[in-house]
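S.K.: Whole structure, please, built from the sequences with the hints as guidance.
Chain by chain, the residues run as shown.
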Amino acid sequence: MGYVAARGGTEAIAAAEELVRRSRLNADASWLELDQLTERLRYLNDRVMGEGGLWAPQLAARAIRQAEGDVIEAAHLLRAHRSTLPRLCELIPADADELRPLRRIVPAFREVPGPQLLGRTLDYTGRLLDLGDEDQARAAAAAATAAAARHPEDDPAENAGATEPPFPERLLDVLRRTDLAVDRRRDDDPEPTDISQVAVRPGIGRSAVLSVMARAETGALVNLWYRNILGPDNHLHEVTLGEVRHGELPIRVRHPRTGNPVLLGHLRATEVEAIEDLDGADEDRTRFDVGYGLVAGHNERKAIAMANLDIALHRDHSDSGLEQSVLMTTDGLDASGFLEHLKLPHYVTFRSMIERKQAMRTDRARNERKGRRHHPAPVVTPAAEQAAVPAGEVTP
Amino acid sequence: MPIREDHHTPEVLAEEELSGYLALAATEPLHALADAIITSTPGLRVLTGPTVGTARYDVREPVEAIRFGLVEVLITNAEVELEGSHGWATRLGDDRVGTLSAAICDAEVQRNGPLADSVRALCELVRADLAEQHARRWAELLPTVVHFEELDR
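Chains Z and W, in that order, are what the protein sequence lines are. Per my numbering, the first sequence starts with residue 41, numbered consecutively. Per my numbering, the second sequence starts with residue 667, numbered consecutively.
Note that these hints are calculated values from the structure, not bench results. Heads up, some of the hints might be wrong.
A partial selection of chain Z residues facing chain W, derived with a Cβ cut-off under 8 angstroms [as the list claims (entries may be wrong)]:
1. Leu125
2. Arg127
3. Ala136
4. Asp137
5. Leu289
6. Thr298
7. Leu307
8. Ala336
Please read all numbers here as calculations on a predicted model, not as lab measurements. Virtual Cβ for every residue (Gly too), placed ideally from N, Cα, C.
M.R.: Written as structure tokens, this is what we have:
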């Protein structure tokens with residue numbers, strides 16, 4: 041039986057694409073404005089920027105709207121768009137210590153330098169679905185916006201004029217000062233690996249691994265951490281979080297005439313320190329070590345998973361294949377691309393599989409006939425006979 | 667020198683401070699000002715752009731003190747020449763009108779043109795607005811600072 045080349049489906053594909061476009065425009069709802077996404081669905085917008093690898097709030101909102109809320113599709117749109125753009129310059133690298141906190145908690149210590157600032161977070165909101173009246177909610181939102189616009193100084197007046205304290209010292213520095221942390225700071229300043237230009241493979245170095253995790257799909261990174269919370273001794277080990285911060289980092293470029301930094305604005309990022317209690321035979325058990333996570337936008341789950349995996353990778357010494365898992369399986373576009381290709385026609389592949397089954401069946405029947413000439417026929421029960429024929433078998 | 671976010675307005679803006687405020691100004695007033703500048707001064711040449719592209723954003727992390735690529739940032743840049751004076755601007759996002767306008771405003775200040783003071787005034791408004799936003803945000807955050815209470819044993 042030969043294969044017949046075929047083509048078709050172009051018109052159906054075009055019609056399906058048009059159906060999506062038309063339904064997006066004709067939906068029985070008002071047009072979704074970009075500011076609704078950037079301001080009211082900020083976690084979603086941040087996640088798409090982080091996984092898409094591009095800080096561009098308006099473009100991320102467009103991608104989410106175009107992808108009808110499909111996060112990975114939106115990240116894919118953003119990353120694909122990024123690949124069409126020229127790289128204009130390199131920004132001045134920021135130091136993590138420059139992060140201006142909008143939220144900062146230190147689960148490991150109560151009394152730390154600087155405040156513990158809960159900030160804007162869903163951590164302390166009740167998990168009770170708000171079933172309030174929609175019209176009342178809409179009116180309340182409009183009233184709050186109007187009041188803030190009329191009297192900006194009245195909101196929250198009791199704290200007006202309060203001075204923001206300087207950036208708080210990080211817990212890692214406190215541990216170093218008290219000689220409780222392994223000091224792994226390097227004197228050299230290696231050029232970081234640009235993972236958008238080179239293929240990442242195990243052994244590529246920590247800067248690339250950190251970049252891969254910063255761009256990873258959130259669920260993949262959380263899942264990988266959850267499956268690998270064992271120490272080198274293969275016992276469950278609990279990491280304590282040092283810093284958990286969400287804040288703003290400066291975006292600066294060099295002025296072409298003076299060479300001095302120009303502040304263009306800020307991006308928000310989430311930072312986590314994961315403190316590890318060293319207990320391995322070859323480790324300094326009198327000190328702690330720290331893993332680091334930093335992701336674009338507000339995404340604490342991802343940053344926590346990243347920090348824990350960072351220290352796990354350091355302790356692992358590439359023994360367990362964890363680095364390979366981090367590098368090769370956590371990119372949302374890679375994983376979903378491979379998964380979704382399964383939806384493409386596999387007619388030839390599957391036809392060949394059917395033919396192999398038929399050939400095996402023919403071969404088995406031939407062997408059984410030969411066997412019966414030399415041996416008495418086995419007793420076959422009706423149930424066994426039924427099991428031998430797969431349900432839904434295709435008979436081309 | 668990065669732009670200042672405090673309440674002190676410099677008498678004379680350093681070039682990078684000027685560019686910083688022009689990067690943070692809203693598009694509409696920048697556009698209006700640039701329109702006024704090129705209406706009064708016809709000798710504008712656009713040297714580059716406005717070009718939308720990306721820029722690599724590295725962060726130095728605290729554990730090994732190494733840099734790594736966190737993300738790329740969408741930016742737009744442009745360069746112009748106005749009556750022989752160079753103007754440059756880079757702004758965040760895809761903002762061709764705002765960036766070209768900012769470059770024109772920069773050139774106007776470089777040549778100390780008739781609308782240079784208007785550009786400086788716009789920068790002052792941006793500075794004041796940033797300071798107000800900053801103070802307002804901290805005032806919102808301050809009540810969320812945790813004050814621990816020692817319990818009697």
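S.K.: Going back to the hint list, which numbers does this structure go against?
M.R.: none
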